[in-house]
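Undergrad: Sequence lines, in order, name chains A and B.
Under my numbering, the letters of the first sequence match residues 1 to 413, in that order.
Under my numbering, the letters of the second sequence match residues 1001 to 1413, in that order.
Mixed in with the good hints there might be a few duds.
To be verified - Chain B is nowhere near these chain A residues, computed Cβ spacing over 12 angstroms in every case: (1) Ala18; (2) Asp247; (3) Thr302.
Unchecked claim - If you want a taste of the chain A side facing chain B, the calculated C-beta under 10 angstroms gives, among others: (4) Pro73; (5) Tyr76; (6) Thr157; (7) Pro159; (8) Leu179; (9) Gly183; (10) Asn289; (11) Ala333; (12) Gly334; (13) Thr338; (14) Gln341.
Bear in mind the hints are in silico, worked out from the structure with no lab data behind them.
Note that the Cβ used here is the ideal one computed from N, Cα and C, for glycine as well.
Number of protein chains: 2
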Amino acid sequence: MAREARQDGVTAELSGFAWAPDRFNPRVRATSSMPRAGASPPDVISLAYGMPDPALFPTAGLAAAAQEALGDPARYAVALQYGNVGGNPLLLAELGRKLEGEEGRPVTPGTLVMTNGSSQAIALVVQALAAPGDVCLCEAPTFLGTIHHIRFQGVRTVPVSLDDDGIDVEGLEREIQRLEAAGTPPRFIYTIPTFNNPAGTSMTLERRRALLDIAARHGVPIIEDDAYRDLRFEGEPVPTLHALDRDGLVIRLGTFSKIVAPGVRLGFVLADPAVTERVLAFKAEGSTNGFASMVVGTFMKTGGLAAHIQTLRAAYRERRDAMYEALAREMPAGVTWTRTQGGFFLWLTVPARADMGKVNAKAAEERIVALAGTECFPDDRGTHNLRLAFSLQPPEKIAEGIRRLGQAIRAGL
Amino acid sequence: MAREARQDGVTAELSGFAWAPDRFNPRVRATSSMPRAGASPPDVISLAYGMPDPALFPTAGLAAAAQEALGDPARYAVALQYGNVGGNPLLLAELGRKLEGEEGRPVTPGTLVMTNGSSQAIALVVQALAAPGDVCLCEAPTFLGTIHHIRFQGVRTVPVSLDDDGIDVEGLEREIQRLEAAGTPPRFIYTIPTFNNPAGTSMTLERRRALLDIAARHGVPIIEDDAYRDLRFEGEPVPTLHALDRDGLVIRLGTFSKIVAPGVRLGFVLADPAVTERVLAFKAEGSTNGFASMVVGTFMKTGGLAAHIQTLRAAYRERRDAMYEALAREMPAGVTWTRTQGGFFLWLTVPARADMGKVNAKAAEERIVALAGTECFPDDRGTHNLRLAFSLQPPEKIAEGIRRLGQAIRAGL
Chain A
1 MAREARQDGV TAELSGFAWA PDRFNPRVRA TSSMPRAGAS PPDVISLAYG
51 MPDPALFPTA GLAAAAQEAL GDPARYAVAL QYGNVGGNPL LLAELGRKLE
101 GEEGRPVTPG TLVMTNGSSQ AIALVVQALA APGDVCLCEA PTFLGTIHHI
151 RFQGVRTVPV SLDDDGIDVE GLEREIQRLE AAGTPPRFIY TIPTFNNPAG
201 TSMTLERRRA LLDIAARHGV PIIEDDAYRD LRFEGEPVPT LHALDRDGLV
251 IRLGTFSKIV APGVRLGFVL ADPAVTERVL AFKAEGSTNG FASMVVGTFM
301 KTGGLAAHIQ TLRAAYRERR DAMYEALARE MPAGVTWTRT QGGFFLWLTV
351 PARADMGKVN AKAAEERIVA LAGTECFPDD RGTHNLRLAF SLQPPEKIAE
401 GIRRLGQAIR AGL
Chain B
1001 MAREARQDGV TAELSGFAWA PDRFNPRVRA TSSMPRAGAS PPDVISLAYG
1051 MPDPALFPTA GLAAAAQEAL GDPARYAVAL QYGNVGGNPL LLAELGRKLE
1101 GEEGRPVTPG TLVMTNGSSQ AIALVVQALA APGDVCLCEA PTFLGTIHHI
1151 RFQGVRTVPV SLDDDGIDVE GLEREIQRLE AAGTPPRFIY TIPTFNNPAG
1201 TSMTLERRRA LLDIAARHGV PIIEDDAYRD LRFEGEPVPT LHALDRDGLV
1251 IRLGTFSKIV APGVRLGFVL ADPAVTERVL AFKAEGSTNG FASMVVGTFM
1301 KTGGLAAHIQ TLRAAYRERR DAMYEALARE MPAGVTWTRT QGGFFLWLTV
1351 PARADMGKVN AKAAEERIVA LAGTECFPDD RGTHNLRLAF SLQPPEKIAE
1401 GIRRLGQAIR AGL
């Protein structure tokens, strides 16, 4: 031990203790942390992240709900206490009713549990189903957060291509057979069938049935990430995989982040009780925020949420339309993009001959940000793709952003 | 595949898919889930769990704070959006100021991060510091939740005895030396030095310095669980281990569960940035509830929390005093209990000759519940101990509960 004079004049015995890397779990040294969205400088237009516009947060409705719930001892005595690990009873009842309406079948006890946003739902389900060294399947492209969560658990992801009708079912079955033959059958298939993040496209009913058939024949569970279902701008709803599932192998995940606000951190898992029981075993903090649950449950009970979803649909449809109009006007020939009927995103493909270094340099100069397509693949694809979010910016900023992006892409052609 | 008529008359192809145990991560098969506190029937008096009394929740203050924050776009645009994984800036600033006052030194950026209650803080820190197969040290008795979290991570706990002045420092050093010699140096020491759960006792200043000295000499980090500090009924505050630490090896954990409400699910980690960075890598859900954080941050900013803590001190002191009075009156000779100056608990020791089967049978008949001491040890000790919480029940119920418990213990003598 050395003795050293500290800045405050105290002479302390120093043990030489240091937080060297070997003091930590090797898992965190082997895997990087989740990339986090940062705030952009005010002159930058960001179309990169799937954040809702704070101007659309239902603050008056939440304030009224908070007032009502905090005045009702029957509600707050439960919600503010240590709670059931599965979730707050009021919110479970209200959400269960909503899901029954969507699925056309009862939500039975033990099948629905709350989580801290669907990010936690994804991480918990991955942990419940797979151990380090296991293999799983996902769509390519897919949600970058899921790629991170799977990798962090030491699980290997095999990507299966996506087209405008959803996952390539023939390719999926080939991969399953290959993995079975290799003695590493996939532990699950992760899919975002409705308003895919990042593609914007949705899986057709026919493709959903084919996917379920393959999953059932090979005994592979499906994780259905369904974050955007409520934000449909046009067309008829397609049933969830969970609603179509006759085998109990679909685990449906959802969230209030897009229809209330991300900061309420409320997501859910709807699945066989054998699954939810294991998911909760990994949920160290016990119950999901009872305070936020009680307020959102009250907001639902009073009809506030249903009305708010209508407002959001109109607002986000206007933004999507503004983006499509600007793309048609501003993009050089050869650039293509997906059509979406809802959600937050569309997916842009730049001609393969484009020099993306030049595109990125010009984009930085033009103060426009989109998400690099490479973030949305577990392998090295996506170099000539961009994910564009129309959720955060108002229509006029979207138009200006796409104009700048057009300039950037032209610089690379 | 078999074909089978379903209850709804539809003939479905059944794949034979079943959620057999081998579909899940073996970790959850090898370890049991956290035991959860259940609600007691109304005629039962429970002194078992460390729940605050809902009658003491600051609902008016939280309602006013929610109203104020949800009317301020600068606050809610940040708090309701996807947020910084370390926590909401308003709450970090308010809590940082409170901790600076307690510790007499600055809380520097990156050292303070929010978690979903201190349960999650414990689980995340254990994961960050230890991998399956590692060994750690804890006080015996200790918090049952921590025993669970450590076990769930596949980490082995070596218990070190506790007396009325805190952890047995000579015993601690012997265990460290033994583990070092065995090639399995402990990854950390877990301690609750102030108003220990379950013992109720606090570590003296002298013992704290000795503990820090041993930890520094052997290079073993300390997890200081400090959930009850604010609930001091008498006596002078003793500095936290973190405040006394000159080596940066103490990780202080805290919570709003006891001073606001468990349902706000807000805990924190105060530690070297190398630690908080790794802790956050395991935090899959991103930021801790922004909505609850904003409301509690506003409650602090307006001075509501500081005033509420005074109310709680008076209320819980009255309950503790009621418990001591009843114990002195109702307990048979030979039963002993600890003295506590704060927190939620005291620790009862029944004579070794008592037949605990008879005590438990009579307790069930008398409709009185306490926590079995065996829950508070990682080994098989605690058979003749009970943890008594004076937090949930009002004074008259505490008196009646202790009367019943006295009857139960008499039945075993």
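Undergrad: Run every hint past the structure and note whether it holds.
TA: Hints, one by one, checked against the model:
no.: 1; hint: Ala18; verdict: 8 angstroms, violated
no.: 2; hint: Asp247; verdict: 4 angstroms, violated
no.: 3; hint: Thr302; verdict: 16 angstroms, holds
no.: 4; hint: Pro73; verdict: 7 angstroms, holds
no.: 5; hint: Tyr76; verdict: 6 angstroms, holds
no.: 6; hint: Thr157; verdict: 16 angstroms, violated
no.: 7; hint: Pro159; verdict: 21 angstroms, violated
no.: 8; hint: Leu179; verdict: 15 angstroms, violated
no.: 9; hint: Gly183; verdict: 14 angstroms, violated
no.: 10; hint: Asn289; verdict: 5 angstroms, holds
no.: 11; hint: Ala333; verdict: 36 angstroms, violated
no.: 12; hint: Gly334; verdict: 34 angstroms, violated
no.: 13; hint: Thr338; verdict: 24 angstroms, violated
no.: 14; hint: Gln341; verdict: 24 angstroms, violated
Of the numbered hints listed earlier, those contradicted by the structure are 1, 2, 6, 7, 8, 9, 11, 12, 13, 14.
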